[in-house]
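Novice: Chain by chain, the residues:
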Amino acid sequence: MKPMINIALPKGRLGESVYETFEKAGYGCPALREGGRRLIFESEETCVRYFWVKPSDVAIYVERGAADIGVAGKDILLEYTPDVYELLDLGVGKCRMAVAAKNGFRYDGAKTLRVATKFVNIARTFYNEQSRDIDIIKLNGSIELAPILGLSDVIVDIVETGTTLKENDLSVIETIVPISARLIANKVSYKFQYDAITKLSEKIAALTAQRAQETK
Amino acid sequence: MDRKYEAVGSERAVSALSELYSRYGYARFKMSKFEEYDLYARNKNFLRGDSIITFTGSGNRLMALRPDVTLSIVKNARSGAPSEKVYYTENVYRESKDKDEISEIMQVGLECIGEIDLYQTGEVILLAVQSLAALGENYILDISHMGFLSALLDEIGAEGDVRDALIGCIREKNAHGIAAIAKDAGIKGEAASRLTTAATIYGPFADAIGRLRAISVGAAEAAALDELEAIHTVLDAAGCADRVNLDFSTVNDMSYYNGIILSGFIEGIPNAVLAGGRYDNLLHKMGKTGGAVGFAVYLDLLERYNTAERGFDADILLLYDESTDAAELTKAVKMLSESGKTVRVQRSIPEGFRCHQLLTMKEGGLHILETND
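Taken in order, these protein sequences are the chains called W and S.
Here the numbering used here is used: the first residue of the first sequence is 39, the next is one more, and so on.
Here the numbering used here is used: the first residue of the second sequence is 223, the next is one more, and so on.
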């Protein structure tokens, strides 16, 4: 029997849309469409095993070899810097990592800049490169509240459409990096299952390129 | 279940590897657990980011728990002597940067320092392959070449931050990342695509070398490929070329490493279990002449792999009671253990104990109570 490729997909809309691409590429798994409370879905025919995990955990599953490949946002890869191969930019789940502040905010170089964020590493690297003195406030959600309540001067967060920011009188002052979903692979799985993983990756790449062409 | 995995615990791995290296004339190198911190502070990048555990020694000297063995060996190597060949079995201590934990890692490795020619390089690679073979069923040794990569990066004029960013992407086999950085830095598309090819090539020597020849334009690149081809001939003669692949995405610090880079993998272990390479630059930094090549095997990773495969605590659990004659029992256990079985002798079954056979000793004879497969 051919070995199974274990694939970690992020729970939620992004994961579902990525699964559709995998299905189109010939890696479908009918059991996955049935729903229910199962956590693992297998298709012997296409030699794949899928599991849904929390988006921020995908990189951990792949780095530690519980999954051979997975789909993770570039934000997660930049924040946790897992030791994995980044094989493809899937061109979906597009957004950007940005610095936002209250409308009319002016940076005062004489003061330590207070930065509220979920992405501590990304924020630290970004400001270190500018040699700016900052105070990082790690929050786990509702980051937008921080500047409104005066907890921080700015926030570093993912911005998709900017609607939440606009509704709260906040705006983007700097873009740090564009974000999209990436296909990642465990470095050792990649070697031992080279043929199977490259074949999958090439098929997905072709579909991604085709979609990019269509949306142009 | 594969018995080989069950049998190779980390102590057995140590003795199998020590024996292998001794057979090739490598001498055991024993060292202290401590070194002056200064040695590591001066060579921080060689240690790749893990923090070092320090303490104050006598005379207020700042000491460190050894995070690495190679630096200690190089420090003690004699300059200009014919090749020194040593192996070691030591624990190293590291504080991992994101886990806030101190870990003790068992390392077995070897270093060949002095006159490094094709034979010596080939021998070290052959021993790396044989080390992997001693530890696991299905294994791969990847070879990369720092000379090739640094020539390629020099040629396209990548320096400073751009160079670092490109190296980061090469390590990830990140073709789209390389393309994006190259575009921002104004590197030509054709030059960037050579870098992408180098980063993404993976496979057996013969096939990969051909594709690398096609993208190499400079003399330094050609020299690196010539060296790899010569190594391939040696490995072929030793009958282990089929276990060796080329993978240029392994990039070590260029200020220490200058030639081949080795990384070894065993199927079922999610990280490299073997790492090493040619590090003449480290030697020169420490004021020595000559060359050096070596590798280390990380046995802590192996431990986990073995536990997962282990289904039984012993082949036989032998039960006895107060009526059993101790001399008779000793004789029986000796006989069983000499037949190659692992035997545990107890008055009662320990909680959760699993064995292939449950035996009891009655009236001077052994009786089978239970057999599990």
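These are computed hints drawn from the structure, not numbers from a lab.
A hint or two may mislead.
To be verified - Computed, partial: chain S to chain W, Cβ under 7 Å: (1) H398; (2) E451; (3) P492.
Ideal Cβ placement from N, Cα and C applies to all residues, glycine included.
Novice: Now look at each hint and say whether the structure bears it out.
Specialist: Outcome of the hint check:
Checking S/H398 against chain W by beta carbon gives a least distance of about 4 Å; that is within 7 Å, so the hint holds. Given the 7 Å rule on beta carbons, the hint for S/E451 is violated: about 22 Å separates it from the nearest Cβ of chain W. Given the 7 Å rule on beta carbons, the hint for S/P492 holds: about 3 Å separates it from the nearest Cβ of chain W.
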